[in-house]
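Chain A is fixed; fit chain B with the ligands onto it per the hints.
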Amino acid sequence: MTPEQTQADLLPGFLAISSVLTGFSEHALRGTGQTELYLATACEMVGDDSMRMMLGAFSACDIGDDTEAMGRHMRLCILSHARFGPLARNLIKLWYIGTWHCMPRDWHEAFGGNPADRDHIPSPTSYTEGLLWPAIGANPPGAKPFGYGMWANPPRVTRA
Amino acid sequence: MNGTEPFKIPPEAAFATTYDVAIVGSGVSGALIAKTLGALGLKVLVVEAGPGEDVTIGEYTKSVERFYSAVSKDNNAPYAHSRNAPMPRDYDAVKLRDSQPNDRGYLVQNGPFEIDSTYSRVLGGTTRHWEAKALRMLPDDFRMQSAFGRGRDWPVTYDALAPDYGRAERELGVSGNVEDQRYGGLTFEDGYVYPMKRMPPSFLDKTMAKDLDGFEVKVGEQTFALNVRSTPQARNGIPNPAYDGGKGFTPTGAVSIHQAEMGGRCQGNTNCVPICPVQAKYDARRTLLAAMDTGNVHLLARTVAFRVEVDGTTGRVTGITCKTYADKDAPGHVTGMLQARIFVLAANAVENARLMLASDLHGSSKLMGRNLMDHAYLLTWGLMPQVVGTGRGPLCTSGIEDIRTGNYRQHHAAVRFSIHNDGWGWATGAPYTDLAELVDARNLTGAALRRGLIDRVGRQLLLDCMIEVLPEETNRISVDPRHLDQLGNPRPVVSFHIPDYTLETAAFSRRLTRQIYQRLGAEDHTRYDPLAPGWVSHDGEGFTLRGGNHWAGTHIMGTEARTSVVDATQKSWDHGNLYLAGAGSMPSIGTANTTLTLAALCLRTADAIAAELSPGLATASVSTHCQEIPA
Ligand SMILES: Cc1cc2nc3c(=O)[nH]c(=O)nc-3n(C[C@H](O)[C@H](O)[C@H](O)COP(=O)(O)OP(=O)(O)OC[C@H]3O[C@@H](n4cnc5c(N)ncnc54)[C@H](O)[C@@H]3O)c2cc1C
Ligand code: SF4
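Residue numbers (the UniProt record's numbering), protein chains in the order written: chain A, 1 to 160; chain B, 1 to 631.
Only chain B is shown next, with the shape it has when bound in the complex:
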């Protein structure tokens, strides 16, 4: 792909122009809106807080090498820290003592739950290090209140969103198998196929399936048969010739403003988080460069949105004050004002709310920043009876989905399990910790060490249990003038607790995973450390829960201004020319990683903006019908 030069616009020029649409954030939310509107001929500016690098293969390689050279390989390790646009690091989440907030990292943690979720402030946003699981939410997830008397209903149904899911699957380039997705009421358009065939299930998946498939479990009053099913993911695989009415699909590989031929297919680098060295995994730079290619989209990097300015009488946004810095760490910046007919905040659920609150815009519902959600992850881990070749392939190729919904949700949260090909790393720091134990405690060297490692690492199985969290107003992002970053931006303050509704499912998941290990004949090595951050107890049993990196809910969507922040198109109820885009709009997160759904929402938002600015412009609609291909 050839991005249009000049790729970036100087700040003086950007601030002197009135755009049709100004978008804050170059992540997947902002990039999808920019691309769609740019393609329709609208003049768009994308503002990015991070350095706008990594648009050439050379720059990208530097990020890969930074990762190789990092002693601590946390999920932001490939990306240089910036004092002017700081980002959260998971190792900053520590146990809170005496209810004192922890402000050692960028996020100020107010507790009581210490959340280790992160995001990235770099070009392309958090999809740079996302894992790229791309499951749809279930129809029930959109009607939590009417179906189960819990949480909130969406102003959009699954059926209404389904075509946009199809568009999002094309934009992100999803590999998957529709047949494996038939559970929990999920429906697809007749004959629909994913753009690419499913990622081949790993040897571990297949070994588990042999003994697990058909395992009947009773949850509440219902009985479910568990099955190992492939996980749809935004990772390049083999294009499905039946896609799009038999037109097929052409995957996008590595993006660069110079010609580059790689990334057309996943090679199994087992490093999707934090960086795919060949760019087989989708990241938003793909969409962003395509947006630039329309010739109508400008990028202003190293520019942090500082304050949303509003006309006191009409409520309309008159501009967004921004600070542009030259050096990522040195103090010093120029201030300018973004001008546009329509403004879009696409800086993610935490940053959108932070920016609005820093601008004293709490919303007429006073819900700005509230209803913060994220998945709670319970990790369980064991050793399979046989060597399964842990450490090969994408981090996860399959999961257990059959219990993602059911009447039990009247009482406790939904859950899905992912089978990890990368072993115990997330839970224990394996295989590094295993090596240390074998050498330092078990005194193994030479051939005995090699045998010990195969036995200890090659059999590892980690099942993550991704548990739903419902919106609660006390879970929230706020700002506090005592906590500012170097540019003078208030840092996000997180207050989060894990509701009983979710804890009940943590306990259930621990019981069920025990049974799964029993059925597989696997040694269960799961242990939770009461001194670790994220420790919670419920009914006398303790667990460590981890953050899911799926921040959502902070500008929640609804049917009226009194009880929500945005409408079904993500438009602010209070500010007629402002959209708040991304997972912050979601009224529930069910048991799907948020990105595919937020991508579908953002495509709708782009349609709404296009209709508003240039009525009559046809919106991009793709056919995803498939043609019968004779065998």
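Chain A extracted, bound-state conformation:
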């Protein structure tokens, strides 16, 4: 399989885990236009095998809509896992602020991946499409302004 085929094949799992990790629906994630780019970026930096294994572990049990069970599954099988935990946390940050952070050195020593791994922003729109801004009811500084004077209104987000 070519890298594109591999990644197309990983896409549904990638969207599903991204949605659980970020708290944004798959629909919202797709709407950023960044999904393919982020999957490609992550695979390029950590290697397809790590990504494939993490997605495998994620979908190993069929949990359905039980959010409590999903939370527990994520903690036990992904977030505390030496190989998958750092990758999962990196994906959250990638989605939230559009920056890929270099994986820790000991992670690369243990699990391989790309020696040229580095902090970077995959594309200028990755920054403006960050989920952090809608999460806090703000616009990304320097883009998507709400319009003159809108800052005088009460915020659109509230504490749950």
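It should be emphasised that the hints constitute simulated quantities derived from the structure, not laboratory data.
Treat each hint with caution, since some may be false.
Said to hold, decoys possible - Distance condition first, Cα-Cα at most 25 angstroms in a straight line; then the derived DSS-like pairs of lysine-lysine:
{"#": "1", "chain 1": "B", "residue 1": "K73", "chain 2": "B", "residue 2": "K62"}
{"#": "2", "chain 1": "A", "residue 1": "K93", "chain 2": "A", "residue 2": "K144"}
{"#": "3", "chain 1": "B", "residue 1": "K210", "chain 2": "B", "residue 2": "K197"}
{"#": "4", "chain 1": "B", "residue 1": "K62", "chain 2": "B", "residue 2": "K95"}
{"#": "5", "chain 1": "A", "residue 1": "K144", "chain 2": "B", "residue 2": "K62"}
{"#": "6", "chain 1": "B", "residue 1": "K328", "chain 2": "B", "residue 2": "K62"}
{"#": "7", "chain 1": "B", "residue 1": "K8", "chain 2": "B", "residue 2": "K328"}
{"#": "8", "chain 1": "B", "residue 1": "K73", "chain 2": "B", "residue 2": "K366"}
{"#": "9", "chain 1": "A", "residue 1": "K144", "chain 2": "B", "residue 2": "K43"}
{"#": "10", "chain 1": "A", "residue 1": "K144", "chain 2": "B", "residue 2": "K73"}
{"#": "11", "chain 1": "B", "residue 1": "K8", "chain 2": "B", "residue 2": "K62"}
{"#": "12", "chain 1": "B", "residue 1": "K43", "chain 2": "B", "residue 2": "K8"}
{"#": "13", "chain 1": "A", "residue 1": "K144", "chain 2": "B", "residue 2": "K197"}
{"#": "14", "chain 1": "B", "residue 1": "K73", "chain 2": "A", "residue 2": "K93"}
Using the frame of chain A, we list chain B with the ligands on its own:
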């Protein structure tokens, strides 16, 4: 706006021409002088060290994208680094060890205070990334010595400068409300209104005002009632129909040599520093392109002034040697000499002094480069009890101004507070650091992460305390042949310490902000790291102070050659055809960001040059009277 083509002049042509006036620097100082003189028909050359780009929307967009793509979004992030015209970056300010100077950035830091202030060497200068707060200085700020026995008096009073403040407010396009500016002895011409209505106060401002307005505090012997007041700023808002005797005001939006329709009004991009994507914020390219439109002003970019040449007998400047480079990074340049009847250095307080000292011109007072001032910023931050929608609107829309002056200034420095709509970013790197903490330390994901972020970021309040620093001769810019840049220009060496007079107010401000948080029911999260650059201690308490980016004082203004560098028109006492323009001339900085005041000074300088070169030419004077508009 349509700039006149050709916009730039080739170096051979510029160096072969004798201009009426040659100006070093295309920032707001240089641009205002160029525009005023060009409009009077004088032939002017503006020399700019940085690449003369960003005059089309396409080029400007590249700067915006460079900012989007930068992992480290420091305040010079949109602007490409240039080895031939380097500029300071705030991250180069690091803790000094064993009193060793730090020369890793363009500024060589001699300490003891590590200052993280910057400036930009690009077309339009530092206003490209300024925040555009445009407060006037107070009458007391001009008479520090006579009123409080501290610092120096200006050779100009507030009342004398007031009409020029009005002109500067027009040139920069200031949005504000005169009623909110009635404190500390500030006066305005009868019926004066700002060109545009005030920026609407943010939801955060209004929430704070509810519990804070009327809070009585005792400072020294005096009691002040604090109020949240809107901050005048050079950002396009709604034009005030009452402006200029009822003529109103037309804001200038995006500038480009091609037609562009945007920037007529701020949209709340929350990114005024380091770049406004729609150009609703004033930057000096506006004035510069208007200067070019007169048809009398040439721009020579990629050209760094290297040495001011002086006739040993008369003291008059005979020319300025410049180096023009082709590529911003590659070595290689051509050398030429600027020729003009009058020369103006408008390269900012650091660079003006650096250039003079590099030319061995220390001034008969030996004060060149000395009396360096900048505001010291004490940051304090907390969480409001309710979600206030942090991260929306211009960085600041209001502040607390009532204690900007008082008799206490006999003992300690003046201060004003700004309320930040952009959260804790300046202090902690929020919201990025908050995200990292919530994910990496608090192990939050999914919906819990989203709730955590609203709670943690959406309630953020940062109060910056902008504290006055008085002129002291030991605070200074100098040069040292050991520290040169690629073109062979000596780099600026900064020696700076924070006087006790200022530290006392840092301690006072910390106490007062604690009380403010107590009154608001806000959680105070302020912490200072002793290992951070800018750490100072005073009376057993430690703080981190940050630079204010308001470099001033290095060619200080006064009434005589013995004790100052320039006169009240910014003309050099020693060199009859040289003006040193900008904040370097200011004998005090009070608690106002410097640009509006330096703009007012530069408009006076333009008048003085016009009077000298073509007596009889009327100088531009604008009426800012307003007409009663029936409700
Ligand atoms: C982050 C930040 C925020 C700020 N916010 C505010 C604010 O809210 N309100 C406010 O009043 N002020 C603010 N300031 C300060 C404001 O930007 C400056 O006061 C103002 O830009 C100074 O204008 P100037 O024209 O004198 O100098 P500059 O704007 O620095 O322009 C000098 C020009 O000279 C050029 N130059 C330098 N050396 C040479 C040389 N050797 N040869 C040829 N050209 C040269 C430079 O490239 C530059 O274009 C802020 C500054 C910063 C950094
Ligand atoms: S808030 Fe936004 S639109 Fe307004 S001036 Fe700042 S960056 Fe420009």
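Tested hints:
1. K73(B) with K62(B): holds, 15 angstroms
2. K93(A) with K144(A): holds, 20 angstroms
3. K210(B) with K197(B): Status holds; Cα separation ~22 angstroms.
4. K62(B) with K95(B): Measuring from Cα to Cα gives roughly 34 angstroms; hence the hint is violated.
5. K144(A) with K62(B): With Cα atoms ~17 angstroms apart, K144(A) and K62(B) stay inside 25 angstroms; holds.
6. K328(B) with K62(B): holds, 16 angstroms
7. K8(B) with K328(B): holds, 17 angstroms
8. K73(B) with K366(B): violated, 39 angstroms
9. K144(A) with K43(B): violated, 43 angstroms
10. K144(A) with K73(B): At roughly 18 angstroms apart (the allowed maximum being 25 angstroms), K73(B) and K144(A) satisfy the hint.
11. K8(B) with K62(B): holds, 20 angstroms
12. K43(B) with K8(B): holds, 14 angstroms
13. K144(A) with K197(B): Status holds; Cα separation ~24 angstroms.
14. K73(B) with K93(A): Holds. K73(B) to K93(A) sits at ~16 angstroms (cutoff 25 angstroms).
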